[in-house]
Amino acid sequence: MDADKDNANPTIINPSDLPSRRRSAPTTKRKGIFDELAPAYPSLADPFSSAEASSASSEFDGEERREEIDEQEVYDLISTISDPEHPLSLGSLGVAKLDDISVQRPTSPRSRISTVTVLLTPTTSACSLTTVIGLGVKVRLLQALPPRFRVDVRIKEGTSQTADEVNKQLGDKERVAAAMENRNLINVVNTMLATCE
Amino acid sequence: MSDIQIYLLEVDKDKAEARKIAAQSASKLENKELKLIDLITSLEQYINNKDDAGLRAKSIAYVADVLESVPPKVLSGQERRLLCDFVLGRIEGDVEGIGASARALLALEERGKWDPETAQKVARTFLDHANPWKDFKLQTDRFAVIQLFDRLLAKYRAPLQQLHDGDPEFISKFIAFFDGEKDPRNLMIVFSILRVPMTEWNVRASAQDLFEAVFNYFPITFKPPPDDPYGITAQDLKDRLRTCIAANSDFAPYSFPALLDKLDSSSINTKRDVLHAIQACIINYDPTIVNLYSVTLWDALKFEILNVQEEDLAEESLKALALIGAKFAQPHFDAYLSTYLRPIIKECSEHLEDAPTKQSQAAGRILHAVASASANVADKIVKGICPTLFTLYKASESFTKRRGLLEIFNQIIRAYVDLTRSQINVDVEALKASSSDALGVMLRVLTHAPKAEVSFRLSALAGITQLLAISGLLSNDEADQAVDTVTDIILHEDVHGHGSIRTEAMKSLTEMAHSAPDAMRNRAIPAFMVDLPDRPAEDSSVGPVLEAFAQLSGEQQVFDTVLLRLKNKLNAARAQGASGTYLQALLLAILYAFTHGSPKPDEEGVPRSTYFTEYAEPLMSMVRDVSGMQDPRTLEIIGRICNTILRPQSLHFQSTVYSKNLEYLSLAENSANKSSDRILQLAPFSLYYYAALRPEVVDAQDVITLLQAQSNVALNASHDEAGLSTIVQHICLLINKFINPKAMQATLDSANIEVESLLSVNAEPTSQATSVIFSVVKALLIQGKCPALTSKYLQLLLKLLSTSDKSVARRFAKLLAPDDILTKENHCLVSGLYKQKTFNQLVPSITEAVRTSADATTKPNHLIALSGILRWLPYSMLESTLPSLIAPLLQTLDLSDTADQDPKASTLIIFESVLMHNPDIVSEHVASLITRLMNCTTGPTNIAKVRAKALQCLTLAPRQLKREVLVPYRRQVVKKLMACLDDPKRDVRAEAVRCRTAWLALDEGEEEEE
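Just so you know, the protein sequences line up as chains A and B, in that order.
1 is the number of the first residue of the first sequence in full-length UniProt numbering; add one for each residue after it.
1 is the number of the first residue of the second sequence in full-length UniProt numbering; add one for each residue after it.
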């Protein structure tokens, strides 16, 4: 059956227990059901009097308000990556956890560099594909985050027998680059990333 | 030359000609020009030719062709008997031309029914002398013989069965006879022939042979040839074969082992066929027989569910398991049922122990499927599983495990819910033993479990809702408790963000309103009322409560109660001097109930007219009261409430309402209403009120007076934009619905809103005048009854584009925009073709103007107007004109004014559809498209909506356009998108990630090709 016999049946987190931005947004801000009762089609009177146009202009006002890249956003980027050996996402297997992601803003006003740190928890301490999972997460973040972010993917302390070795590999730019020259690895990583939205 | 000689000459060259000759012989027989005996003797030298088998076959074919052409009643009974004997006698000595012999016999049978002996003789002759007839190479020969047997079994079943009863060897000859047939058309008939002995004869002794005769064909892997004239599909064969396999309980010792063996096949299709066959066997075999295999079947089928290979295989297996349960549903098969369920309960109980796992989830599915079979199966499962389940539940501290167990329990009771819905009396005694336990457990989860355990609490919520849905299960007290707990979550649980299950609780409460309307009326509704003050201190806190309360109106049984409480609350709030916002919220709740809830209908299926009397009329009297609520928003909501209730009512009812209210709404009599202030003030209500009325109801003069007064207000009085907006909508409605199209221009003139004269007064019309002009044109084009006038006006509007500023161009988007007033529900005149007509009249001229115009100011005007029109058209309408539209659409993306976001956004939506459905059309514009899309992806000249849409279009390109066209842009796009990854808006960033992934993937394609 599964290649990894130690972990044929990992605990699967129910989708409704996974952290998401929609559910963590304050409920007061959402649209009430009564708001739909008066539809906001453009009015005939004036091109700018319609609700739509006014919402557009409020969009302009809000344009300045920046939504910073935060932990949840990083989580959303990587939690949908699928595990190479289970047909499940890293989020639902608990490999990627919101609490284990941190974003450090630039330390000095002159620097623009932010750092994203992701700690991964392999499904078992003997999981043989830990490196591949780490590589997949790293590749995904390098592709999806702006260049001003430094990406640090590591295995959470005490969760894997091979943590040190894997961390060394993931931390080494050259080795990551070299790994991504390997056709087999590219294929595995691409399959993992194929489930990302 | 005799006919036979000519026939023999022609038969190889031209079949049709040969048949014609046979037909001539037939008519000679009919006209007595030829005696039957002479015809037969003329055959002699050919039919008995020892050296040429082909000749013998052709001669008998001649006989068959002649017989098929002979009209009925030409041949006497004796002649037919003689011919029959002649043909059969030939077969005994010579089987050449066997197909033709069969045809000849069929033709004879058609001209006169056989006696039982003849039928038996025919069957015997073929079985004895033409056996095995698979030696006959020609499919057509075999087809004729199969047809003959089909006829025998259709009409002479009893004589053939006598043959079987009298001769133990007969059946094996019969089976062997069809052995080895491969042609699909023949097989279709063979299967149905074999089904007769299978189902009707006593074939216990030869059950195995008979079974194998058909099972040899399993699984069917036939693929019909592309030009198959008979249209037989693999499915047809599968269906017939399956009915054969399931035809006789005596097959069980062979069929079940053979099928289960094939279930191990690696082919999904084979497994699918096996499962269907097993289902058919369970349905058709005797319960005593199914009993012998029930446990074996369970042991095999469970793997398909525990380790799902393909979802549909799991579902078919579940269905099979349920069918076995249903087979033993009768009380006298109780012992069988227990035997069958024992291992299932045992295995599922084992999986409970380490819930939640994939296996425990599968166990839940199994228990649900089997329990759904019938009430007594469900009964046994509940008795077998629930005690264990709740013992495990109590022994465990883990939320996850408890959640897993509850999920399984929910699956079992879901079976009860389904059963109680389809059957009237379902015995729930066994479930009662566990239901109080279960309810207690689940209520505790809802009240005490940590709020962050969302899925755990949701399972409990779902379980409680289901328990309540099983009629006769919970006591009234228990139902009250359940409703109280859920109501409490909705009203008092103050959790924001992750952990809030309010939405789900609301959904449950609405379902509970259906199962337990009394508990809802006695417990939930009063509780809601406590939380809805007459005069709230802070409005925002009651909003969610009111919303939730209004949603209860979705259940018809409590609709009236909810509405009555809302009305009383509204009156109390008014008396207490509550704020206008609160009153509006209450009115919105009433509106919600009427639009989204389930008001009780009258005999015609329309909401009862008493609702109007009880709810709308008191509100209307508030409107009438000059000192009452006069806030435009409030009046609009009241208008909408009246509109919703009034518009479906009968002509008669509406007439009564209209005449009752004519006096205070009309302008003719009452001078107080004539003031422009009062007209403006009433407009929000009056708009919706008139929108509800059927055109026949109103008084024509009243409408014209109203139109004139409103036009006067629109053009001359001072008002804010919202006020003007309502007035022009009102004008639009009156013109569309009530004004006689024949007198349209005169009426418009009399109201001073004739478009041409409005435009001629001023080269540059005022903003008010433009509003009125557009509303008139909109009313006319949707109506479609004044085509000449409409196109004249549209041309005037086009002319205006070259002379005015952008504000006129922007208004074009309003012409076709959806409108909630001008609808068929509001009895307006809505032409089916108005979009198409407007498109045809405006778009070609505008694109032409864009093409020829060099003027930097009028060109943007035309582009904006164009996108305003295209925006609301279905894509299919644009498709045919796309080639001429692409160029102006690309130019629209160049609009640089920050105010021009709407045209850009709608143009991008069109490009999205083009890329999706007709990528070929843009393939020659790739360079300009990609560059423009990239320009739209960055601020600050583009708002977030435009940036995101541009990225979506750009994402489609690699998927929809040819790779080699895009590769040159790859580096540039990927680089540009780097900046978009840092867009200030999250949604835009997400699109950028998707887009960049798509473009990065272009590279990989290249490497794979190498």
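Simulated from the structure, these hints should not be mistaken for lab results.
Cβ atoms here follow ideal geometry from the backbone N, Cα and C, with glycine treated the same way.
Hints may contain errors.
Claimed, not checked - FRET-style restraints, in silico, Cβ to Cβ:
| # | chain 1 | residue 1 | chain 2 | residue 2 | range |
| --- | --- | --- | --- | --- | --- |
| 1 | A | 87 | B | 534 | 52 to 60 Å |
| 2 | B | 398 | A | 108 | 42 to 50 Å |
| 3 | A | 168 | B | 235 | 55 to 63 Å |
| 4 | B | 396 | A | 108 | 28 to 36 Å |
| 5 | B | 994 | A | 87 | 16 to 24 Å |
| 6 | A | 35 | B | 451 | 37 to 45 Å |
| 7 | A | 108 | B | 994 | 54 to 62 Å |
| 8 | B | 844 | A | 87 | 50 to 58 Å |
| 9 | B | 887 | A | 172 | 35 to 43 Å |
| 10 | B | 387 | A | 35 | 24 to 32 Å |
| 11 | A | 35 | B | 749 | 35 to 43 Å |
| 12 | A | 35 | B | 326 | 27 to 35 Å |
| 13 | B | 265 | A | 172 | 46 to 54 Å |
| 14 | B | 1003 | A | 35 | 51 to 59 Å |
To be verified - Each computed EDC-like pair below joins lysine to aspartate or glutamate, with the alpha-carbon atoms no more than 20 Å apart:
| # | chain 1 | residue 1 | chain 2 | residue 2 |
| --- | --- | --- | --- | --- |
| 15 | B | 451 | A | 68 |
| 16 | B | 945 | A | 67 |
| 17 | B | 358 | A | 100 |
| 18 | B | 358 | A | 68 |
| 19 | B | 13 | B | 38 |
| 20 | B | 962 | B | 924 |
| 21 | B | 401 | A | 67 |
| 22 | A | 97 | B | 924 |
| 23 | B | 945 | A | 85 |
Task: Numbers of the earlier hints that this structure fails to satisfy, in rising order - done: Those not satisfied are hints 4, 6, 7, 9, 10, 12, 14, 15, 17, 18, 19, 21, 22 and 23.
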